[in-house]
Each structure stands twice: as C-alpha cells, then as structure tokens.
Amino acid sequence: MPSRALFLFGMALIVLAAHGLDALLHGEVPAGRVRAVSLGVTALAAAAVLLTLGGGALTGHWESAPLWSAALWTAVALGLGFALRERWPPQTAFVFLLGALLLDGGGYVLRQVTFRPARQVIQQQGELAAYLSAQPGRFRVYSPSYSLPQQTAAFYGLELADGVNPLQISGYAQFMAQASGVPLTGYSVTLPPFASGDPAHDNAAFTPDACKLGLLNVRFVAS
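Heads up: the sequence shown begins at 361 in the numbering used here, then just goes up one per residue.
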C-alpha cells in the first residue's frame, strides 16, 4: 500500500492542476509565464520520449506503457502549447485535455483488468463451497491458504474469518495473528498475511489455535 503522504501529494496535485486549468480556460495565465509553462511541458514531453527511446534501444524491448506515456505527453504538450498561444479556443483545449485524461485513465484500467466469465469466477472451489453451505447452523470458515475465494463464499452465503480488505481493523488483525498462528509484522491487505505472496505455501508451517478460532465462530478450516 502507498504511504499516506502519497495521497496528500495526489490531492494537492489535483488542486493545483484544477487551478491551472481554470486559469487556462479563462485566459488568466500571465503573459510572462506562458513561455515558462510551455518550456516546462515541452521538457517533460522530450524527457518522456528520450527515456522511452533510450530504454528501448538499450534493452531491445519496446513496452507499450512507456510508448503510450511518451505519445500522451507529446500530445498534451502540443495541446497546451496551442492553448497558451491562443491558437485554440479555451473550449477546444478543455475538450482535448479531458479526452486525453479519459483516454489515459481508461487505457490504464483496461491494461490492469482481466475479463473472465462470471460462472468461471464464482465456481472457483465451488464443490468445497457447496459442501460447506449445506452444513447446518451459522458458522464461519477460515483458510490460511485462501482456499475458499471471497467471491465464491459470498455467492454461497458463507461467512469468512479471513480474506482481502485494504481497511483492516487493528484489534481484529492482532487477534487473528494469535488465532491463526501467522505472525503479524505490519500492515497486510490480507488476513492472514502472505509473506511472499504465495497463499498455497506461505502459511503451511503455522498451526491455528482452535480455541481462539472458535471464539470467532469458526467451525471449518479449509486448506
């Protein structure tokens, strides 16, 4: 997880960008700063292009992300240049910059997302989930190896004592460290934590405490 300062920096950057865009749209950029802003944006675009070309030439690998970044920076530099020199009306500049933002954000999201059929995702460990959901009473399931995916558990109406959640309750995380036997050395987006990111093997050496898991209404351990 990124540090808290990164969120504050991001918010400050958004405010500054909005202030600059507002000045650009209302023609309030001081004449003395037009040249400085143009040179700064051009320098950033040139740096992105040179780093992309240099990295590709040295490694022999041309990745799509750096190429996309260089192309986007070049387009934004040209658009801002036209707007600052009043070759474009403010409305055109706004539409162009908004389009570049949406295109960049949408392209990044699409590169990070893998599309799978809902039936395939829900049925991961479906036989296990079906067996557990057929058991009487209300209970929770604990898995030290993420053997029961959250989406499958939710589909079958099962309650979990473990799982993935960026916002962890400190007291619960500390108690789970005792109940699961998996030491908690710091913040973890998962409970229990997986030291090397390999759920199938990371916690194989740790023994859960049945009594403490029972206090969480855990009846089954799936591993």
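Derived from the structure by calculation, the hints contain no laboratory data.
Values in this document were obtained by computation on a predicted structure and should not be read as measured data.
Mixed in with the good hints, there may be bad ones.
To be verified - Simulated restraints, written as ranges between beta carbons of each label pair:
1. Ala406 with Leu373: 17 to 25 Å
2. Ala407 with Gly459: 32 to 40 Å
3. Leu463 with Val549: 56 to 64 Å
4. Gly497 with Tyr468: 44 to 52 Å
5. Val473 with Gly531: 29 to 37 Å
6. Met371 with Gln472: 18 to 26 Å
Here a beta-carbon is modelled for each residue, glycine too, at the ideal position from N, C-alpha and C.
Evaluation of the provided hints:
1. Ala406 with Leu373: 17 to 25 Å: Holds: the Cβ-Cβ distance is about 21 Å, inside 17 to 25 Å.
2. Ala407 with Gly459: 32 to 40 Å: 23 Å, violated
3. Leu463 with Val549: 56 to 64 Å: Given range 56 to 64 Å: violated, Cβ gap about 30 Å.
4. Gly497 with Tyr468: 44 to 52 Å: 46 Å, holds
5. Val473 with Gly531: 29 to 37 Å: 34 Å, holds
6. Met371 with Gln472: 18 to 26 Å: 22 Å, holds
This entry does not satisfy hints 2, 3, going by the numbered hints stated previously.
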